[in-house]
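Chemist: Here the protein sequences line up with chains A and B, keeping their order.
So that you can map any letter, position 277 of the first sequence is 277 in the numbering used here, and since no number is skipped, the others follow by simple counting.
So that you can map any letter, position 330 of the second sequence is 1330 in the numbering used here, and since no number is skipped, the others follow by simple counting.
Hints are computed from structural coordinates only; laboratory data are not their basis.
A portion of the hints provided could be inaccurate.
[Stated by the list, open to error] Under the rule of at most 20 angstroms between Cα atoms (straight-line distance), these lysine to aspartate or glutamate pairs were calculated in the EDC-like manner:
| # | chain 1 | residue 1 | chain 2 | residue 2 |
| --- | --- | --- | --- | --- |
| 1 | B | Lys1036 | A | Glu112 |
| 2 | A | Lys301 | B | Glu1089 |
| 3 | B | Lys1035 | A | Asp6 |
| 4 | B | Lys1355 | B | Glu1312 |
| 5 | B | Lys1036 | B | Glu1092 |
| 6 | A | Lys301 | B | Glu1312 |
| 7 | B | Lys1327 | B | Glu1312 |
| 8 | B | Lys1422 | B | Glu1411 |
| 9 | B | Lys1035 | A | Glu122 |
| 10 | B | Lys1036 | A | Glu122 |
| 11 | B | Lys1423 | B | Glu1393 |
| 12 | B | Lys1316 | B | Glu1255 |
One letter stands for each residue in the lines below.
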Amino acid sequence: MTPYWDCNFFTFFIVMIQRAFFFLTGHAEALASDEIQIGVLSAVAISCGMIGPFLVLNRMTMLANSLSHTILLGISLAALAAGLLWGGEWFDITTLLAGSFIAALLTAFCTETLTRFFRLQEDASIGLVFTGLFALGITIVTLYLRDVHLGVEAVMGNADALQLSDIRLPALLIGINGVILFVFFKQFQLASFDRSLAQTLGIPVGVFRYLLLFLTAATCIGAFRAVGVILVLSLLTGPYLIARLFCCRLTALLVWTPVVGVASVCIGVALSRHLLNVHGLALSTGGIVTGTIALIYIFVKIIFHFRKKWQRALFSV
Amino acid sequence: MIDYFIDPILRAPTWGCMLMCLSSSLMGVIVFLRKKSLLSESLSHASYPGVVLGVAFLASFFPFAEEWAFLVVLIGAFGSSLLGLYGIEWLEKKGKVFPDAALSFILSVFFGVGIVAASALQGSHPSWFKQVQMLIFGQAATMTDIHIVIYGFLACFIVLFLIAVYRPLQAVLFDAGYAHSLGIRATWLERSLFSLLLISIIVGMRSVGVILMSGMLIAPAVAARQYTNRLPIVFFLSGLFGVGSALIGHILSVEGSLHWSTPESRFSLPTGPFIVLVSTAWALFSLCFAPKRGVVFRLARIFAFRLRCLQENILKYLWKKKSSSSKDLHSLHRSSLFSLHWVLRRMVRHGWLQKKCGSYELTGDGYQKAAQVVRLHRLWEVYLTHSLGREVERVHKNAEEMEHILTPDLEQRLTLLLANPKKDPHHQPIPDKYSL
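Given only the sequences and the hints, what does the whole structure look like? Please build it.
Modeler: Written out as structure tokens, the structure is:
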């Protein structure tokens, strides 16, 4: 029995704050499954929110979409290789990181080859690469595990069956993303806003592009247990688009994007509990978080739309 | 094999797959040429919530109409992907969001909403939920004849519409401004094309699946574009490749399911990944080996040209120096020693060079060829200085490149234009055409 068992949307937050207070004052209790869920999803949201701004600014979100598909092939190849070499497990951390590395390299390499070497237009080469590689990944997974279900789960994620150990990977990725972005912040910033200036200053723009792709792939892997490969896209782009509505400096955006992400995770989970406890609907929490992001975007957009009118009305009087 | 087309149980999935992929590969040409291939990716994902909501609607109000579920699926999918299309346009225009960010935001948000709806359906109507899940990776095996009639009707509608609007479509695809000046109502055409795109996506979903649908729009068009420059042939080939890969992919998935399942556990492979794999493989093959545009032939052309340049440069060098060792040639040309030796041996075999005590000399044939190259070089220098008014010091570099490119026809016209000159701007003699 969790302490949240009959909470509605508002009492959920009250109970959460109470328990956090107890936790901080030393009356620690075992973590409830809802708190684990919020923790894992928040970690995912923070790690996505760190690289989301750079992805959007570099116009690489569709490439991130294609990466989020191809990591399935990357993981299955890494797992097959690991299984052959040292009998590794599917959800082993080395396998997953190796898979993300393979996926990032494969996707970026194939897409660049198609555009540069085969002279195919960029949108078509992105589309061709990820659908082909994803189809291959699905086939390998289906044949290897003799089950279509894992493919579906990889696409959709399962936010309602998380354990405390699932937080390790996203937390590790927050660390990796944080360290790399902190060290190379200047380079990433320059490469996102002014490619040619970055090149003249001697920054290897291509290397940083690949680095960003690798971080994206790793982040997708961290997210894919929890929210699946498609919903991670909404955590990569959505919070940035929301934050962009009310601030415009990159450093501020880098703070606000994870904050917005965590806020939408909390609201989404509370909403999901509300629907479960009050209306008896057991819904996919990952999907609700995505829906929440869209709702927040619309809400903030409307507020900022009318704020101008209100200001005008106030000042003209 | 023929069973796949006439057997009462096997024929429906086969014909269904082929018709579905026909319509999507035809519309794929249009999005490919407009450079909007990724739009199809977003729209196919955006159709998912509509599918689920449509099925949920049917399940709660008409629980016995299970065989009509696919019609509701079509309507729901059309509605929600239309909403997705408006969402993308609104984000781009009103929200000032980058196009790719708008595409991926709409894609993930709609898919997320679809997942929420699907989880609600899973709780209330588990058997209907299974039907919806099948649409994620496509499952052709459960189609019946009634599906073929509907899908066939939609596919025919798309083909007929494309034929009917072919002229204005061509104008809009290649030059929107020109189309406007012709009085073509481009916005109207655009809207109907987008609706057709939505129809082709939702029609194809049953066999290819929501997630891989965009592959079916992109890959046949990419392959078809490799073989021709003419629009009607691109359409025809793309349709052909789409139908072909649907057929092969479907057969592979059926045979694969039979092969991998054991008596204890039935195992059915999804159709979509196989169809997409076949069409992607064909697209890659075409990118490599298509005549003229294929990368292999392009590399071969580049290689042949480089080889000719190197050969002609060696001939020219020997024409000036009379004889030279391979070491001198190597220091002159920036090619590897191995390829230089290969080229030299090749030239000896052609009878242009002969080897005398470790150094190479021109034969009679080789002398003529070399003189021809020098003649082209110097003719071009004369043309640059006399006809184009370039300074004498600056003509050599350009002529170094042009000597490999000038054709006999151009040479004749240059000779006529310049009245068969005897000296080049540097006062060197030009080898005469008739003395060669």
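Chemist: Given the hint that Lys1035 (chain B) pairs with Glu122 (chain A), does the C-alpha gap stay at or below 20 angstroms?
Modeler: Holds - the C-alpha atoms of Glu122 (chain A) and Lys1035 (chain B) are around 8 angstroms apart, at most 20 angstroms.
Chemist: Take a quick look at whether Lys1036 (chain B) and Glu1092 (chain B) sit within 20 angstroms of each other, Cα to Cα.
Modeler: Given that 20 angstroms is the threshold and the Cα spacing comes to 14 angstroms, the pair holds.
Chemist: What's the verdict on Lys1355 (chain B) and Glu1312 (chain B), does the C-alpha distance respect the 20 angstroms limit or exceed it?
Modeler: holds, 17 angstroms
Chemist: Keeping to a limit of 20 angstroms between CA atoms, is the pair of Lys1035 (chain B) and Asp6 (chain A) held or broken?
Modeler: This hinted pair is violated, its Cα atoms lying about 52 angstroms apart.
Chemist: Is the Cα-Cα distance between Lys1327 (chain B) and Glu1312 (chain B) 20 angstroms or less?
Modeler: holds, 18 angstroms
Chemist: Do the alpha carbons of Lys1036 (chain B) and Glu112 (chain A) lie within 20 angstroms of each other, as the hint requires?
Modeler: holds, 18 angstroms
Chemist: Between Lys1422 (chain B) and Glu1411 (chain B), does the CA-CA distance stay at or below 20 angstroms?
Modeler: holds, 14 angstroms
Chemist: Holds or violated: Lys1316 (chain B) and Glu1255 (chain B), Cα atoms, limit 20 angstroms.
Modeler: Violated, because 63 angstroms separates the two Cα atoms, which is more than 20 angstroms.
Chemist: Does Glu1393 (chain B) sit within 20 angstroms of Lys1423 (chain B), going by the straight-line distance between their CA atoms?
Modeler: holds, 16 angstroms
Chemist: Taking only the CA atoms, is the gap from Lys1036 (chain B) to Glu122 (chain A) under or equal to 20 angstroms?
Modeler: Holds, because 10 angstroms separates the two Cα atoms, which is no more than 20 angstroms.
Chemist: Just to be careful, I want the Cα atoms of Lys301 (chain A) and Glu1089 (chain B) compared with a cutoff of 20 angstroms; is the pair within it?
Modeler: holds, 16 angstroms
Chemist: Under the criterion that the straight-line Cα-Cα distance not exceed 20 angstroms, is the pair Lys301 (chain A), Glu1312 (chain B) satisfied?
Modeler: Given that 20 angstroms is the threshold and the Cα spacing comes to 68 angstroms, the pair is violated.
Checked against the numbered hints given earlier, the structure breaks hints 3, 6 and 12 and satisfies all the rest.
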